[in-house]
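Work the whole structure out from these sequences, hints included.
Protein chains: 2
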Amino acid sequence: MKKTILGNKSSIHPYPVTILGANVKAKPNFMTLAFVGIVNANPGMVAIGCGKRHYTNAGIKENMTFSINIPSADMIKIVDYIGCVTGNKEDKSGLFKVFYGKLGTAPMIEECPLCLECKVLKILDLGGFDDVIIGEIIESYCEEKCLTNDMLDIEKLKPFLMSMYENKYFAIGDYLGKAWKIGMDYKQKK
Amino acid sequence: MKKTILGNKSSIHPYPVTILGANVKAKPNFMTLAFVGIVNANPGMVAIGCGKRHYTNAGIKENMTFSINIPSADMIKIVDYIGCVTGNKEDKSGLFKVFYGKLGTAPMIEECPLCLECKVLKILDLGGFDDVIIGEIIESYCEEKCLTNDMLDIEKLKPFLMSMYENKYFAIGDYLGKAWKIGMDYKQKK
Chain A
22 MKKTILGNKS SIHPYPVTIL GANVKAKPNF MTLAFVGIVN ANPGMVAIGC
72 GKRHYTNAGI KENMTFSINI PSADMIKIVD YIGCVTGNKE DKSGLFKVFY
122 GKLGTAPMIE ECPLCLECKV LKILDLGGFD DVIIGEIIES YCEEKCLTND
172 MLDIEKLKPF LMSMYENKYF AIGDYLGKAW KIGMDYKQKK
Chain B
22 MKKTILGNKS SIHPYPVTIL GANVKAKPNF MTLAFVGIVN ANPGMVAIGC
72 GKRHYTNAGI KENMTFSINI PSADMIKIVD YIGCVTGNKE DKSGLFKVFY
122 GKLGTAPMIE ECPLCLECKV LKILDLGGFD DVIIGEIIES YCEEKCLTND
172 MLDIEKLKPF LMSMYENKYF AIGDYLGKAW KIGMDYKQKK
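The listed protein sequences derive, respectively, from chains A and B. Here my numbering = 1-based position in the first sequence + 21. Here my numbering = 1-based position in the second sequence + 21.
Check each hint, because a few of them may be wrong.
Copies of one chain are not kept apart here, so a pair can be met inside one copy or by any two copies together.
As the list claims (entries may be wrong) - Only pairs whose alpha carbons sit at most 30 Å apart, straight line, appear in this in silico BS3-like list of lysine-lysine:
(1) K208 x K110
(2) K118 x K30
(3) K30 x K177
(4) K30 x K189
(5) K46 x K98
(6) K118 x K179
(7) K179 x K30
(8) K110 x K82
(9) K98 x K189
(10) K166 x K189
(11) K179 x K199
(12) K82 x K140
(13) K123 x K48
(14) K189 x K179
(15) K123 x K30
(16) K189 x K73
(17) K73 x K118
Quick caveat, the hints were computed from the structure, so don't treat them as lab data.
Okay, structure coming up:
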């Protein structure tokens with residue numbers, strides 16, 4: 022093994038850039054979130070890590086609902102901004118046009134092309150800096166212009182990415198091939 | 022709300038493309054994994070969703086260890102291949118050069134530029150198709166050629182992405198700006 026040891030870092034590269042939404046004291050609040058991943062299909066479930074001291078966490082615990090909003094790359098400045106300021110000091114409720122879905126208390130962002138409405142299944146304290154929150158995706162809401170044949174088209178959605186530690190944002194790049202297809206005929210060296 | 026309703030789908034876009042490794046019956050086994058995200062910093066923790074019937078799950082439960090390996094885009098064919106065939110039917114132990122770290126039972130892939138060695142903290146059955154597994158990252162191992170000033174450089178790492186449902190792989194694209202900086206001066210419309 023000739024690799025360099027980097028320590029116990031959180032290094033899944035790349036990170037998706039999303040916006041976490043929750044009602045806090047009956048007002049919508051939003052923060053940038055990269056600690057997020059899908060952990061179940063049918064029904065969709067999402068796991069997030071969210072710093073215990075964050076203003077948003079109080080709202081998630083109050084309502085047991087939250088939203089994950091996927092912004093497009095042209096929203097980069099406002100997305101970064103809401104990761105720079107806390108709802109504790111600044112009212113972020115007027116930054117976006119907000120809508121609600123089936124759960125009634127998970128604020129979602131009209132300007133984001135894709136919004137996931139979630140109810141909390143588990144909140145775990147595993148001794149780290151973050152609350153680990155697992156939610157079920159109750160409904161997904163997508164801009165029609167981001168669909169191709171009624172299916173989400175990532176090249177129309179134009180989400181963006183983050184590289185942690187170097188703290189850089191990147192766009193989606195070139196199409197490389199079809200999943201469950203491009204490697205189908207790969208032959209194992211015997 | 023003028024959005025199209027897509028149902029309770031697992032739609033965090035994009036998904037990182039990773040390889041999940043575990044020893045099953047004392048032999049290394051690997052599968053492609055996109056249901057993965059960081060859920061804690063310091064120590065790094067990762068949450069994954071892995072179909073209960075997968076061969077790999079048995080090994081994770083047996084040893085309570087696993088690895089997350091970040092492949093570079095030039096590995097796309099073999100990465101897709103190991104998502105097409107199950108370890109139940111095909112021995113995948115000879116596909117990569119394997120190394121072990123501190124835990125001794127989490128097989129990692131020499132050919133991948135970044136490898137995360139993980140021990141299981143929780144395995145949750147939330148009633149879905151997948152086991153939801155949360156692991157602590159015990160150590161990270163990185164190719165020296167992917168570092169800049171001792172820090173992971175995503176443009177050298179060249180990981181790749183996936184878009185679920187349309188099942189397409191994409192490269193990392195253009196650099197868009199610095200996180201916690203590009204939006205710092207965004208002013209809220211009053």
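- Message: Flag every earlier hint the structure violates by its number, smallest first.
- Response: none
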